[in-house]
Amino acid sequence: MLQDGYPLPRPLGSTRSSNILCFLLLFFSIITSCCAVNPSHFLPQDQDQDPPCLAFSPTFTYVAKTYKKLWKMFCQKVQVHSDSFNISKNNSKSSEKISEVASLRCAFDLFDANFFNGEKIREVANGAKEFNIPIIRANRKLVASVNGGLNNPSSLVFNPEWGSEKPQSIDKRFSYPSFSGTKRPESEEDVAFMSVLELGDLIKTKQITSEELTNIFLRRLKRYNHVLEAVVSYTEELAYKQAREADALLARGVYLGPLHGIPYGLKDIISVPKYKTTWGSNTFKDQVLDIEAWVYKRLKAAGAVLVAKLVSGSLAYDDIWYGGRTRNPWNIEEFSTGSSAGPAACTSAGMVPFAIGSETAGSITYPAARCGVTALRPTFGTVGRTGVMSISESLDKLGPFCRSTTDCTVILDAIRGRDPDDPSSRDSPLDDPFLVDITKLTVGYLDDAEEEVIHILATKGVNMVPFKLNYTVESVQGILNFTMDVDMLAHFDEWQRSGQDDDYESHDQWPTELQRARMIPAVDYVQALALAMAYQSATDHHKQRPPIDDLGPNDSIPNPPAVIYPARLLHH
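Taking mature numbering (1 follows the signal peptide of the UniProt record, and there is no 0), I'd label the letters of the sequence shown as residues -36 to -1, 1 to 536.
Hints listed in this document are in silico derivations from the structure and should not be mistaken for laboratory results. Any given hint might turn out to be false.
[What the hints assert, rightly or not] Here are the simulated DSSO-like cross-link-like pairs (lysine-lysine), alpha carbons at most 30 Å apart as the crow flies:
(1) K261 with K361
(2) K170 with K264
(3) K261 with K238
(4) K361 with K105
(5) K261 with K205
(6) K105 with K205
(7) K147 with K205
(8) K249 with K238
(9) K404 with K186
(10) K238 with K205
(11) K93 with K105
(12) K147 with K238
(13) K84 with K57
(14) K404 with K424
Values in this document were obtained by computation on a predicted structure and should not be read as measured data.
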């Protein structure tokens, strides 16, 4: 069958068939170009048309016969009659169309969309050129010309709440344990490893000033950074300014709470005006953003003192950054792992009392475990993300690195709450953890959970219950990779298009992943999101309620029940 002057084969249905077609076209182009003859001399002719009168050499005749055999084999493969190819007229135009469709079909293979026939493939391509591409380019110019995902509100607002309960007010803060009677140690090293609440008591009782404490931690940061490679920049001028303000407030009898005058560090994807926010990348190492991140505002309001911007792996991927690779203070022959490398290493080494990191897929939990510190990855939406480099709107979370769970709770209390510029954030209805009776808690654990952890919690009176997932880890990992990589590429489209990914610190990380992400169709991305929501609802069974309240006063009740269930089997 012929349309538009060229044959339309039936759908190939396999990548192998497309590869055969591509090979035959290449072979055909080689022999025709080498022999400088018209392509129609080799293709099957009309039965009513005489073949062209040309004198071929024996070698050329053999090549032509060989090609004809290959051509018939291919036609049988794709279920097209070789005699149906009537392209004796407009030969050049016809061969160009065949080549065009073959090339497009190879491209369609990459999107798992090789089910269109030749005419539809050309229609799709022409439509994309005429309609899709102009719109895509116009949209990209408006919302994707700047990297990082900081300049436009998120188009995807992930809501982790499935129930109808409304969030409670969080005006009431946690009730912290009392640390009265704390004495200042003689050595600065002992001071550096005190807890946040202990340091807060020293400041409150005026045994040490915030300025003194800031000086101690700045010296430790500078002393150990050449070994750990964990600090991007020192915010020294800002730190002393904030420390003096904290001391002045206390002198006037104003105490802001347990973080009053306490030094800390921020992962360097969190923006602070007048200081570099490098995202750990050589491409952005001189970047200064005039944005005050929400989490920084919260800590500043609590009286905390920012002393340093700490290492983020390049574009928040693992522990490699443009200045080196962050090490584990407990064993400097190994690295910290995870993109919150700086916060984990600096907290572990007593270079800061606490730090704020971020996690999309393990960047809080992994470096905390490697560096031997306590960290908290809060429930999604608990901490606002305005002013923070974005990877994925439905996965990014901010949380504290400390040296105790008590300190993590104190920091969380200071930074939690709804961020007006982050629509995914919310006021989390958290019970006061210092008032919780853990013997009334039930904790589920998987088959591969650490036995020691299970044992310790059980001995403390926690009800430990084995738990099985309703899905496979491999499936969830696939969804995570899809959503995370596509979201990330949306925020760094210009970075990739301009070739800046060639300068990335480790090519097998973001550059490779985001190149693959370019080939994920929107349909498959949305389907992955739908599956993720289905998985989430499957694990929220404890929040579900029976539909008994949906019955109206006049609704009929079947008697006997419409469905008969077998007697329940009891297992002892």
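Hints, verified against the model:
no. : hint           : verdict
1   : K261 with K361 : holds (17 Å)
2   : K170 with K264 : holds (20 Å)
3   : K261 with K238 : holds (15 Å)
4   : K361 with K105 : holds (28 Å)
5   : K261 with K205 : holds (15 Å)
6   : K105 with K205 : violated (40 Å)
7   : K147 with K205 : holds (26 Å)
8   : K249 with K238 : holds (14 Å)
9   : K404 with K186 : violated (46 Å)
10  : K238 with K205 : holds (14 Å)
11  : K93 with K105  : holds (17 Å)
12  : K147 with K238 : violated (37 Å)
13  : K84 with K57   : holds (18 Å)
14  : K404 with K424 : holds (11 Å)
Of the numbered hints listed earlier, those contradicted by the structure are 6, 9 and 12.
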